[in-house]
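Colleague: Read off the chains here:
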Amino acid sequence: MIDAIARLGKAVLDSIAGAGAALLMLLRALIGKPQLRKSFPLLMQQMYSVGVLSLVIIIVSGLFIGMVLGLQGYTILVDFGAEQSLGPMVALSLLRELGPVVTALLFAGRAGSALTAEIGLMKATEQLSSLEMMAVDPLRRIISPRFWAGFYSMPILAIIFSAVGIYGGYLVGVRWLGVDEGAFWSVMQSQVEWHQDILNGIIKSIVFAFVVTWIALHKGYNCVPTSVGISRATTSTVVTASLAVLGLDFILTALMFG
Amino acid sequence: MESRTTQLAVGLFVIIGVLALLFLGLQAANTSAVSSGDTYRIYAKFDNIGGLKERSPVKVGGVVVGRVTRITLDGEYYEPLVEMTISATYDEFSETSSVSILTSGLLGEQYLGLNPGFIDDTVEMLKDGDYIYDTKSALVLEDLIGQFLFSQGSD
Chain C
1 MIDAIARLGK AVLDSIAGAG AALLMLLRAL IGKPQLRKSF PLLMQQMYSV GVLSLVIIIV
61 SGLFIGMVLG LQGYTILVDF GAEQSLGPMV ALSLLRELGP VVTALLFAGR AGSALTAEIG
121 LMKATEQLSS LEMMAVDPLR RIISPRFWAG FYSMPILAII FSAVGIYGGY LVGVRWLGVD
181 EGAFWSVMQS QVEWHQDILN GIIKSIVFAF VVTWIALHKG YNCVPTSVGI SRATTSTVVT
241 ASLAVLGLDF ILTALMFG
Chain G
1 MESRTTQLAV GLFVIIGVLA LLFLGLQAAN TSAVSSGDTY RIYAKFDNIG GLKERSPVKV
61 GGVVVGRVTR ITLDGEYYEP LVEMTISATY DEFSETSSVS ILTSGLLGEQ YLGLNPGFID
121 DTVEMLKDGD YIYDTKSALV LEDLIGQFLF SQGSD
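Same order as they appear, the protein sequences are chains C and G. First residue of the first sequence: 1, per our numbering; consecutive thereafter. First residue of the second sequence: 1, per our numbering; consecutive thereafter.
Honestly, the hints are just simulated from the structure, not real lab data. Not one of these hints is a red herring.
Not the full set, but computed from the structure, chain G residues with beta-carbon under 7 Å of chain C: (1) 3; (2) 7; (3) 9; (4) 10; (5) 13; (6) 17; (7) 21; (8) 24; (9) 29.
Covered by chain G, per the in silico footprint, the following chain C stretches (three or more residues, Cβ under 8 Å): (10) 51-59; (11) 157-164; (12) 184-196.
For every residue, glycine included, the Cβ atom is placed at its ideal position computed from N, Cα and C.
Let's have the full structure, built from the sequences with the hints guiding it.
Modeller: Written out as structure tokens, the structure is:
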């Protein structure tokens, strides 16, 4: 009994210490004199590996998710003779929910796990310690550009995802199933609001970008520097980031559209 | 310059992102929102607004000329007061105009139908902050059924 309470206490203390370590890491990585000249090429390099290389999976899955939405929405809406509402249905579900959320989940799997594994291996092979020996702050040199790259890339990826998804819905709905093209776009335009839908979706994906990148970097930086530790940290990144995204999505949706 | 291709790829990535945002903004959302550009406000009191909501469209003959911007209860008797914002492009509505709450389709959203009134030398045009007095409230299904039953009973 006493042991169980002690274990609970240890778990709570550990999680608080972990959150504190993550926050400290982020603060120390981000606060400080910006060195644009030195950090810009690093940022570019990370934008490439985090953002550009995720582009293919984002475009392909966006296209297919839009096409599935078009197909499923059509079969339901046609029963009510309301297939003209296919446009807003596809656009709103992509812009408000699927765009930010699915992008964040894919990003956690594609880029987040890679970040964790990379930093974890750097730690295991003592590269981070070597940097410190050379008086280079690994937080500024390694963590900070990766954080900003993820932070900038994911909203862009989410926007591309939504746009491609809407095009996929258009391909299936209009080109294949024969929904009237004018009605598809005009009903969409009358229902989708710039501020309410597009901007809120972008705000969502900015929040997700922050959380997912942060979790990935923290798990990598604080992993146990063994092969088992790195594998655990990578798994934990994907699981924690996905859960955080889904939970936050509920809260953000309740705040924005509730 | 070994990072030249990297820079190029990132630049393209950002450009694709901006293009996608433009696509969403121009093709998917309504850019011709009446809230942009010059507008003026008109008020109307109703007995019952039914399912009218803020942001419901104000239409003249089916053409959207504005939006409902605020719905409040007003005055001693708590009458619903609807504030609508009309695009300044359409500023020639006379004070004899009337508004009614209509439904688009059988089950559709409710909107405000604005009927332009006649114009002669004695009537003035509606200006910012004016009231339209000739209003027709929303049809409430329960009231209609009640009236129908009442008229059946009296036969």
